[in-house]
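Enquirer: Sequential numbering of the sequence shown, starting at 1083, is according to this note's numbering.
Some clues are possibly wrong.
For lysine to any residue, the following SDA-like pairs were computed, each having C-alpha atoms within a straight-line distance of at most 25 Å [claimed, not checked]:
1) Lys1187 / Arg1091
2) Lys1190 / Thr1097
3) Lys1187 / Ala1176
4) Lys1132 / Ala1176
5) Lys1127 / Thr1169
6) Lys1190 / Lys1132
7) Lys1127 / Leu1104
8) Lys1146 / Phe1113
9) Lys1127 / Phe1094
10) Lys1127 / Tyr1181
11) Lys1087 / Ile1103
12) Lys1127 / Arg1183
13) Lys1127 / Ala1140
14) Lys1146 / Arg1180
15) Lys1087 / Ser1192
16) Lys1190 / Leu1142
17) Lys1087 / Leu1142
18) Lys1146 / Gly1109
19) Lys1087 / Lys1132
Derived by calculation from the structure, the hints in this document are not laboratory data.
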Amino acid sequence: MSETKRAYRYRFYPTDEQSTILAQTFGCVRFVYNDGLQTRSLAYKERGEKLSYGDLSARLPHLKQTYPWLADVSSVPLQQALRHLNTAFENFFAGRARYPRFKCKQNKQSATYVCM
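Starting from the given sequences, assemble the full structure and let the hints guide the process.
Expert: Structure follows, in structure tokens:
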């Protein structure tokens, strides 16, 4: 039996407090994505080692100890950022996309929450 997956996109108008929380979440997601990209690139250049999503997600607790402000946001968007990075590398190696780029504050900000 096939399962239908749905995604919903909502427009909302956050309060000042919610805007602060969103900005913090976006910053943490961007930081984790960029750290994962740098870690994965350096591992390949220096040791020829290919890191997977599991390898990078195992580093999250260490990152949270090193940068305590990462613990202030939900871990779900941080894990999703690493999944998105893994998908970006899969698309690159399959020839469907260019090499993943670092995220910057000026571009689109997003965070993904998964509900089951």
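Enquirer: All the hints need checking, so say for each whether the structure fits it.
Expert: Hints, one by one, checked against the model:
1. Lys1187 / Arg1091: 22 Å, holds
2. Lys1190 / Thr1097: Within the cut-off at roughly 20 Å; holds.
3. Lys1187 / Ala1176: It is violated: about 28 Å lies between the C-alpha atoms, which goes past 25 Å.
4. Lys1132 / Ala1176: 15 Å, holds
5. Lys1127 / Thr1169: 20 Å, holds
6. Lys1190 / Lys1132: With a Cα-Cα distance of about 28 Å, the restraint between lysine 1190 and lysine 1132 is violated, given a limit of 25 Å.
7. Lys1127 / Leu1104: Outside the cut-off at roughly 34 Å; violated.
8. Lys1146 / Phe1113: 12 Å, holds
9. Lys1127 / Phe1094: Status violated; Cα separation ~43 Å.
10. Lys1127 / Tyr1181: The hint holds at about 14 Å.
11. Lys1087 / Ile1103: Not OK: lysine 1087 and isoleucine 1103 at ~28 Å, beyond 25 Å, violated.
12. Lys1127 / Arg1183: 16 Å, holds
13. Lys1127 / Ala1140: 21 Å, holds
14. Lys1146 / Arg1180: 30 Å, violated
15. Lys1087 / Ser1192: With a Cα-Cα distance of about 20 Å, the restraint between lysine 1087 and serine 1192 holds, given a limit of 25 Å.
16. Lys1190 / Leu1142: 23 Å, holds
17. Lys1087 / Leu1142: Between lysine 1087 and leucine 1142 the Cα gap is close to 28 Å, so the pair fails against 25 Å, i.e. violated.
18. Lys1146 / Gly1109: Roughly 14 Å between the alpha carbons, so the hint for lysine 1146 and glycine 1109 holds.
19. Lys1087 / Lys1132: 31 Å, violated
In this structure, the earlier hints numbered 3, 6, 7, 9, 11, 14, 17, 19 are contradicted, and the remaining ones agree with it.
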